[in-house]
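The chain contents come next:
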Amino acid sequence: DQQVKQNSPSLSVQEGRISILNCDYTNSMFDYFLWYKKYPAEGPTFLISISSIKDKNEDGRFTVFLNKSAKHLSLHIVPSQPGDSAVYFCAASVYYGGSQGNLIFGKGTKLSVKP
Amino acid sequence: GAVVSQHPSWVICKSGTSVKIECRSLDFQATTMFWYRQFPKQSLMLMATSNEGSKATYEQGVEKDKFLINHASLTLSTLTVTSAHPEDSSFYICSARPLAGVYEQYFGPGTRLTVT
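Here the protein sequences come in this chain order: X and Y.
In this text, residue positions in the first sequence follow the numbering used here: the first is 1, and each later residue adds one.
In this text, residue positions in the second sequence follow the numbering used here: the first is 1001, and each later residue adds one.
Just so you know, the hints here were simulated from the structure itself, not pulled from any lab data.
Misleading hints may appear alongside valid ones.
Stated by the list, open to error - Now the in silico label distances, taken between C-beta atoms and shown as ranges:
| hint | chain 1 | residue 1 | chain 2 | residue 2 | range |
| --- | --- | --- | --- | --- | --- |
| 1 | X | 2 | Y | 1008 | 29 to 35 Å |
| 2 | Y | 1008 | X | 68 | 39 to 45 Å |
| 3 | Y | 1002 | X | 68 | 24 to 30 Å |
| 4 | Y | 1082 | X | 79 | 21 to 27 Å |
| 5 | Y | 1116 | X | 53 | 32 to 38 Å |
| 6 | Y | 1053 | X | 41 | 29 to 35 Å |
| 7 | X | 26 | Y | 1061 | 50 to 56 Å |
| 8 | Y | 1014 | X | 68 | 49 to 55 Å |
| 9 | X | 16 | Y | 1053 | 47 to 53 Å |
| 10 | X | 45 | Y | 1051 | 22 to 28 Å |
What the hints assert, rightly or not - Selected chain X positions facing chain Y (in silico; Cβ < 10 Å):
| hint | residue |
| --- | --- |
| 11 | 28 |
| 12 | 29 |
| 13 | 32 |
| 14 | 36 |
| 15 | 41 |
| 16 | 45 |
| 17 | 46 |
| 18 | 49 |
| 19 | 71 |
| 20 | 84 |
| 21 | 105 |
| 22 | 106 |
| 23 | 107 |
| 24 | 108 |
Beta carbons: idealized from backbone N, C-alpha and C, even for Gly.
Extracted from the complex, chain X is given alone in its bound form (with noise of 0.2 Å):
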C-alpha cells in the first residue's frame, strides 16, 4: 500500500506560468515531508522541505503548502522556467524516538516547461 501518492504522473505547462505538483498521504504520522528533483540517469536534489508544524514554505519560486488535515501537499513553482523540466518526488518522514525515519518516496511527477 502506498503510504505517499503522486497521482499525476505527468504534467506540462507553459513558460512563466505556475506549476503545481500535487501529493498525498496516508500516514497520519509523518511530520516532515520533502521535495527532490530528479534529471534522467541523475540521482535526486532536494529542493524545499517542510515540518508537520507549518502550512507554507517558501524559498525563491519555490512554494510548499501542506494541508495537514486533508494529507496533502503541494509544490508550486512560479514562475516556471524550461530548465525546471525534470522529475518531481514527494517524500515524507516520522520522527520518532530520538532518531529521523526513513523517506517514503512517490512515484514522481514528471513535469515538461514549454517555451
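Following the hints, complete the assembly by docking chain Y onto the known chain X.
Chain Y in isolation, oriented as in the chain X frame:
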C-alpha cells in the same frame, strides 16, 4: 556543500559475477547512508539503511546475502551485488544523511548496472 559521489556511474557485467558500487560523502560526515533502487518510471525503493560501524538494516524483500552493504567509515559505504543476474539490472542510488539532527538526505548521481 553536501556532495555525494558514486562510483562507477555505469557498469556492465556478466551474469554470475559480482559488482561493487561505492558511495562517498565528499564534504560532510554521514553516520547513516541509504541505498535505493529505481526501476524505469518507478519511485525510488529503499533497499537498506547502513550506519557506520554496524550491520545494515534491509527492507523487506531485499536479500541481504545478495546485496552486501559495508559502511566502513563516516564517508564511505559500499554496495556489492553478488552473483548478479539480468533482473538485477537497475539504477542504484545512494544517499547520505549528515550527523543527527536533520531529515534531509543528499543523493549521489546513481549507478546504472546492466547485467548481460
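Here's how the hints hold up against the structure:
no. : hint                        : in the structure
1   : X/2 <-> Y/1008: 29 to 35 Å  : holds, 32 Å
2   : Y/1008 <-> X/68: 39 to 45 Å : holds, 43 Å
3   : Y/1002 <-> X/68: 24 to 30 Å : holds, 28 Å
4   : Y/1082 <-> X/79: 21 to 27 Å : violated, 49 Å
5   : Y/1116 <-> X/53: 32 to 38 Å : violated, 51 Å
6   : Y/1053 <-> X/41: 29 to 35 Å : holds, 32 Å
7   : X/26 <-> Y/1061: 50 to 56 Å : violated, 20 Å
8   : Y/1014 <-> X/68: 49 to 55 Å : holds, 51 Å
9   : X/16 <-> Y/1053: 47 to 53 Å : holds, 51 Å
10  : X/45 <-> Y/1051: 22 to 28 Å : holds, 24 Å
11  : 28                          : violated, 17 Å
12  : 29                          : violated, 14 Å
13  : 32                          : holds, 5 Å
14  : 36                          : holds, 8 Å
15  : 41                          : holds, 7 Å
16  : 45                          : holds, 7 Å
17  : 46                          : holds, 6 Å
18  : 49                          : holds, 7 Å
19  : 71                          : violated, 18 Å
20  : 84                          : violated, 18 Å
21  : 105                         : holds, 5 Å
22  : 106                         : holds, 6 Å
23  : 107                         : holds, 4 Å
24  : 108                         : holds, 6 Å
Hint violations for this structure: numbers 4, 5, 7, 11, 12, 19, 20, all remaining hints satisfied.
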